[in-house]
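There are 2 protein chains.
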Amino acid sequence: MKMDQLLGFRFKETPSDAQIESHILMLRGGYIKNVGSGIFSLYPPAKRIIQKIERIVREEMDAIDGQEIFLPVSMPASLWKESGRYDSVGSELLRFQDRWGSDMVLGMTHEEAVVHLCRDAAQSYQNYPFMVYQIQTKFRDETRPRAGLIRVREFTMKDAYSFHATQEDLEAYYARAHKAYENVFVRCGLPETISVQSDSGMMGGKIAHEFMLITPAGEDYLAICEACDFRSNMEIAPCIVENKAEEAASLEKIHTPGTKTIEALCEFLGITEKQTCKAVLYQKNATVAESAGHDYVVIFIRGDLEVNEIKLRNLLGEEVHPAVDASDAFTCGFIGPVGLQLPKGAVVLYDKSLAGTSNLVTGACEDDYHVKGFTIARDVENVSFCDIAKILDGGICPTCGKPAIALKRGVEVGNIFQLGTKYSESMNMTFLDQNGKTQHPIMGCYGIGVTRTMAAVCEASHDDYGPIWPMAIAPWQVHICAIRGDDPEVKAAANGLYESLQAQGVEVLFDDRKVSAGFMFSDADLMGVPVRVIVSPKTIARGVLELKTRDKSVARDIAIDTAAEEVKALVRELQGA
Amino acid sequence: MKMDQLLGFRFKETPSDAQIESHILMLRGGYIKNVGSGIFSLYPPAKRIIQKIERIVREEMDAIDGQEIFLPVSMPASLWKESGRYDSVGSELLRFQDRWGSDMVLGMTHEEAVVHLCRDAAQSYQNYPFMVYQIQTKFRDETRPRAGLIRVREFTMKDAYSFHATQEDLEAYYARAHKAYENVFVRCGLPETISVQSDSGMMGGKIAHEFMLITPAGEDYLAICEACDFRSNMEIAPCIVENKAEEAASLEKIHTPGTKTIEALCEFLGITEKQTCKAVLYQKNATVAESAGHDYVVIFIRGDLEVNEIKLRNLLGEEVHPAVDASDAFTCGFIGPVGLQLPKGAVVLYDKSLAGTSNLVTGACEDDYHVKGFTIARDVENVSFCDIAKILDGGICPTCGKPAIALKRGVEVGNIFQLGTKYSESMNMTFLDQNGKTQHPIMGCYGIGVTRTMAAVCEASHDDYGPIWPMAIAPWQVHICAIRGDDPEVKAAANGLYESLQAQGVEVLFDDRKVSAGFMFSDADLMGVPVRVIVSPKTIARGVLELKTRDKSVARDIAIDTAAEEVKALVRELQGA
Numbered sequence: 001m002k003m004d005q006l007l008g009f010r011f012k013e014t015p016s017d018a019q020i021e022s023h024i025l026m027l028r029g030g031y032i033k034n035v036g037s038g039i040f041s042l043y044p045p046a047k048r049i050i051q052k053i054e055r056i057v058r059e060e061m062d063a064i065d066g067q068e069i070f071l072p073v074s075m076p077a078s079l080w081k082e083s084g085r086y087d088s089v090g091s092e093l094l095r096f097q098d099r100w101g102s103d104m105v106l107g108m109t110h111e112e113a114v115v116h117l118c119r120d121a122a123q124s125y126q127n128y129p130f131m132v133y134q135i136q137t138k139f140r141d142e143t144r145p146r147a148g149l150i151r152v153r154e155f156t157m158k159d160a161y162s163f164h165a166t167q168e169d170l171e172a173y174y175a176r177a178h179k180a181y182e183n184v185f186v187r188c189g190l191p192e193t194i195s196v197q198s199d200s201g202m203m204g205g206k207i208a209h210e211f212m213l214i215t216p217a218g219e220d221y222l223a224i225c226e227a228c229d230f231r232s233n234m235e236i237a238p239c240i241v242e243n244k245a246e247e248a249a250s251l252e253k254i255h256t257p258g259t260k261t262i263e264a265l266c267e268f269l270g271i272t273e274k275q276t277c278k279a280v281l282y283q284k285n286a287t288v289a290e291s292a293g294h295d296y297v298v299i300f301i302r303g304d305l306e307v308n309e310i311k312l313r314n315l316l317g318e319e320v321h322p323a324v325d326a327s328d329a330f331t332c333g334f335i336g337p338v339g340l341q342l343p344k345g346a347v348v349l350y351d352k353s354l355a356g357t358s359n360l361v362t363g364a365c366e367d368d369y370h371v372k373g374f375t376i377a378r379d380v381e382n383v384s385f386c387d388i389a390k391i392l393d394g395g396i397c398p399t400c401g402k403p404a405i406a407l408k409r410g411v412e413v414g415n416i417f418q419l420g421t422k423y424s425e426s427m428n429m430t431f432l433d434q435n436g437k438t439q440h441p442i443m444g445c446y447g448i449g450v451t452r453t454m455a456a457v458c459e460a461s462h463d464d465y466g467p468i469w470p471m472a473i474a475p476w477q478v479h480i481c482a483i484r485g486d487d488p489e490v491k492a493a494a495n496g497l498y499e500s501l502q503a504q505g506v507e508v509l510f511d512d513r514k515v516s517a518g519f520m521f522s523d524a525d526l527m528g529v530p531v532r533v534i535v536s537p538k539t540i541a542r543g544v545l546e547l548k549t550r551d552k553s554v555a556r557d558i559a560i561d562t563a564a565e566e567v568k569a570l571v572r573e574l575q576g577a
Numbered sequence: 001m002k003m004d005q006l007l008g009f010r011f012k013e014t015p016s017d018a019q020i021e022s023h024i025l026m027l028r029g030g031y032i033k034n035v036g037s038g039i040f041s042l043y044p045p046a047k048r049i050i051q052k053i054e055r056i057v058r059e060e061m062d063a064i065d066g067q068e069i070f071l072p073v074s075m076p077a078s079l080w081k082e083s084g085r086y087d088s089v090g091s092e093l094l095r096f097q098d099r100w101g102s103d104m105v106l107g108m109t110h111e112e113a114v115v116h117l118c119r120d121a122a123q124s125y126q127n128y129p130f131m132v133y134q135i136q137t138k139f140r141d142e143t144r145p146r147a148g149l150i151r152v153r154e155f156t157m158k159d160a161y162s163f164h165a166t167q168e169d170l171e172a173y174y175a176r177a178h179k180a181y182e183n184v185f186v187r188c189g190l191p192e193t194i195s196v197q198s199d200s201g202m203m204g205g206k207i208a209h210e211f212m213l214i215t216p217a218g219e220d221y222l223a224i225c226e227a228c229d230f231r232s233n234m235e236i237a238p239c240i241v242e243n244k245a246e247e248a249a250s251l252e253k254i255h256t257p258g259t260k261t262i263e264a265l266c267e268f269l270g271i272t273e274k275q276t277c278k279a280v281l282y283q284k285n286a287t288v289a290e291s292a293g294h295d296y297v298v299i300f301i302r303g304d305l306e307v308n309e310i311k312l313r314n315l316l317g318e319e320v321h322p323a324v325d326a327s328d329a330f331t332c333g334f335i336g337p338v339g340l341q342l343p344k345g346a347v348v349l350y351d352k353s354l355a356g357t358s359n360l361v362t363g364a365c366e367d368d369y370h371v372k373g374f375t376i377a378r379d380v381e382n383v384s385f386c387d388i389a390k391i392l393d394g395g396i397c398p399t400c401g402k403p404a405i406a407l408k409r410g411v412e413v414g415n416i417f418q419l420g421t422k423y424s425e426s427m428n429m430t431f432l433d434q435n436g437k438t439q440h441p442i443m444g445c446y447g448i449g450v451t452r453t454m455a456a457v458c459e460a461s462h463d464d465y466g467p468i469w470p471m472a473i474a475p476w477q478v479h480i481c482a483i484r485g486d487d488p489e490v491k492a493a494a495n496g497l498y499e500s501l502q503a504q505g506v507e508v509l510f511d512d513r514k515v516s517a518g519f520m521f522s523d524a525d526l527m528g529v530p531v532r533v534i535v536s537p538k539t540i541a542r543g544v545l546e547l548k549t550r551d552k553s554v555a556r557d558i559a560i561d562t563a564a565e566e567v568k569a570l571v572r573e574l575q576g577a
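These protein sequences, in sequence, are chains A and B.
Position one of the first sequence corresponds to residue 1 (the numbering used here), numbered consecutively onward.
Position one of the second sequence corresponds to residue 1 (the numbering used here), numbered consecutively onward.
Only chain A is shown next, with the shape it has when bound in the complex:
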């Protein structure tokens, strides 16, 4: 490819709408263009990278017996009504009507469609197990598209679905898929990707793992133990708190005017947040539209901790949202376990962080008053605790028990789920087992964000001047910079190398534009091609070409007449790496 024919353009300025490096560099390098909120077009270099990622994904999916299929982007709503998700999934599921007024959805994931495809085709235990996958456009109507290709509304995804006759078989396959995912990310140039336990969210099922690239640009928080191998999405990491036993003082009401927040209370009394018990109010989503005051959820938690809404949702088995205005039902800012009057339908939950506490300060259920000396075992009857708090940085590891939890940010590049029979039951997919008994197959599902993986690689592998693409997914393998390409000797050497490499199947980007060396090099840095060859009157005068790698690990002169062989050898070496 000649650089002057490549569609796209590169620029120096940091785009005002881009915060993270991959977004900035992929805009500056002519990889992507924003079409609408969370919607991008891809220029040729990005499309080339995507195709290489897809090839790696295909090879790894084929290696674990995957069969490639294709499911539609647009689907009749009836399929999603069968599974129940037409109602249970929020407005990230894009619903629309076609020309006949029929309800339709745009696929954000394809469990329904894949069960529809497979349910006639696998009616005997002999058909199991099998796995099918596709690589395809998905649409998810995100509330907050951000970070370039990291969180978008339309994206390319590989989604795979496995079907099993037994749970053991699913588990064995799940382990194979886990290994295949590790292979994919290593081959794409993200060897530092880790898998963490995760919440299965709207997918359903119990066991799930996310593949996370640790990076400050990530939007997920991970709890990683630095003393053992515990790794979890913070969403589901158990929060372990140890409270020291202390002699209980008597309960005493104190005047705390205007101290509606824990911060204000602590400042007023000169105590730490750990010495308080705070109330956090939620409401169940299902009853938002009904009369106010019903179905509140009151959570008591130690004052220094936060409620983890994912855990709360999983505990309740339904969606919740922070209470909007509860002043009709509660003495807000002064709520405490003692003397609390609950509106009808309300639920009270106590976080584990309160277990074993004594002498806390908490609300007195009366405006401008708190109580001190609150000792939960004494002051609350029949209390039972549950785990609803967010794990803290430096917190106790639930596996090894050491206070070695580090919170890190990560980008999720893949996820795998043991779905169980959620979809095969709701959509009535069955098979006859060896005993002639009707069973629902047990499913797993396995996703990789293809466009997001490209952005993640850029995030993990770049410098101030541009992306540093790994050889396996680089848009081209070699970038020839011919400085003063009009000079006959430069032209002869550069063209000769270009033609020789192309003839040998090496992917070459060839820049012989009449631009300055500085301009050419900054463009080359933005293209991020791993191997660069510089031809100029100066190198010709020395009888050599300059061979460099984008990551600066190689920089040496090579003889003109053996250049093609040396370049090809370096490409092969970097392919093997």
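Hints are supplied without guarantee of correctness; some may be wrong.
As the list claims (entries may be wrong) - Here are the simulated SDA-like cross-link-like pairs (lysine to any residue), alpha carbons at most 20 angstroms apart as the crow flies:
hint: 1; chain 1: B; residue 1: K47; chain 2: A; residue 2: R119
hint: 2; chain 1: B; residue 1: K52; chain 2: A; residue 2: R55
hint: 3; chain 1: A; residue 1: K514; chain 2: B; residue 2: Q434
hint: 4; chain 1: B; residue 1: K47; chain 2: A; residue 2: T109
hint: 5; chain 1: B; residue 1: K47; chain 2: A; residue 2: I135
hint: 6; chain 1: A; residue 1: K47; chain 2: B; residue 2: E68
hint: 7; chain 1: A; residue 1: K514; chain 2: B; residue 2: N127
hint: 8; chain 1: A; residue 1: K2; chain 2: B; residue 2: P129
hint: 9; chain 1: B; residue 1: K47; chain 2: A; residue 2: R55
hint: 10; chain 1: B; residue 1: K47; chain 2: A; residue 2: E68
hint: 11; chain 1: B; residue 1: K81; chain 2: A; residue 2: N34
hint: 12; chain 1: A; residue 1: K47; chain 2: B; residue 2: D62
hint: 13; chain 1: A; residue 1: K52; chain 2: B; residue 2: Q136
hint: 14; chain 1: A; residue 1: K47; chain 2: B; residue 2: E59
hint: 15; chain 1: B; residue 1: K52; chain 2: A; residue 2: E68
hint: 16; chain 1: A; residue 1: K52; chain 2: B; residue 2: E54
hint: 17; chain 1: A; residue 1: K514; chain 2: B; residue 2: Q123
hint: 18; chain 1: B; residue 1: K12; chain 2: A; residue 2: D120
hint: 19; chain 1: B; residue 1: K47; chain 2: A; residue 2: A63
hint: 20; chain 1: A; residue 1: K52; chain 2: B; residue 2: D62
hint: 21; chain 1: B; residue 1: K52; chain 2: A; residue 2: E54
hint: 22; chain 1: A; residue 1: K12; chain 2: B; residue 2: A121
hint: 23; chain 1: A; residue 1: K52; chain 2: B; residue 2: R48
hint: 24; chain 1: B; residue 1: K47; chain 2: A; residue 2: D62
hint: 25; chain 1: A; residue 1: K514; chain 2: B; residue 2: A121
hint: 26; chain 1: B; residue 1: K47; chain 2: A; residue 2: T137
hint: 27; chain 1: B; residue 1: K514; chain 2: A; residue 2: Y128
hint: 28; chain 1: B; residue 1: K52; chain 2: A; residue 2: D62
Honestly, the hints are just simulated from the structure, not real lab data.
Knowing the structure of chain A, use the given hints to seat chain B on it.
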């Protein structure tokens, strides 16, 4: 691939909802499954075929300097408002609102998106020409999805767009693209595909060609001259009519009670349709909602001909529809050019077929009366003729003048358009030419229906038992049928051949299921794999395997120990064909 692991199932019965052969066979063979009206999922064999077609398309697009890109399926409506098509295209354009209530569309074609992508990137004449393409899902909300994968709502399409500084350059590139399209269809196994001149429809532009596979299953009518190389979509083929001069009789009113149709009139008077002048009424779409009686279009045409609505639309420059109920404004059934009272805003058009006619019978503009002796040159003042009639089978060729027009049905598998500056002007894409003057680039666009091409190949190449896939796009290259695969000798020979071929990179489907030979062969016929090898106790007893082709052109025994080489040689021979 082992047949017993392949997802999908095959059956004998003709599905009740399928009319054409490709639809029937692709359902029966386990290639596709209907998800909703005009929406299909693809089983693994179909996906494999699609990928091979895509590879051929990519190679041919790359060979004419195409750069692959990716444009979004979902787009903000603002882009389509820029070009004016948000309003001008009918409800086949799927419009929806996202979670914020913003207007969006699903891409049915991508002129707007590609101009958006390219307009910043090609601001100098030095950037021209260039061509970009993508292979991607499109959604078109068709009124009448039909014929399996021939007319669907969601489909995979290759769409390419070229940009040029001059019309000459577009024309030269258009010829290259035409040749590349011929290559694509020959390589995919549709050498009989022809290109015909076509209407540019909603795309805009003047010159356009469609690539048509002639087949009774087609939904387009083509006018093909059997005496010269004239080939055109019937939609735009000029209709040439020769009328013999005749002495004009006088105009005379005649009583023709109840003869509201040309058939009734001819029967009543004992004349032929050619001896009449009929009126056909249309209304312009833009005024449907306004008060009735306005903006009628009255067409007079020789009684044996039909109005071609595409020509009419192009002539008027706007959309029309047959008049719904015009009885308030006209003496319907008895309309004629003489004495016609036109409602306000109405237009009268005379088709060329009336030029030189004498002594026709036509309406008298009075209930139950016609006139005879109508001689247009004498009876209508300042008449001017236009070409609005449909060309007839056996009609006169507009190129060679011989009455050699044959009407044939065809499936459109590709189309190419010289778009001109419709999009670059409306969306303000400009470049500076060599003289520093601002110009709009001149565009071409080039589409291939990938899923439809698969169906077209099946339509062109099948027998009663299944598809006969050409080697270049066949889901597998070789199909091994091991009859009595539990027989140790059969097993050894079949497994040995399977492993040997796979090791040499041949794509093999291997059937060693415990089923009867008849069952196995009818499945194999439905899979349509070009080369088949049969291993059975009988062939083993003869010391051979049977080598056959799906199209029956080859059927011979081969020695067991040289089987792999012979099979591979046949595969290579068929690849070359």
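Against the earlier hints, flag every one the structure doesn't satisfy and list their numbers going up. none
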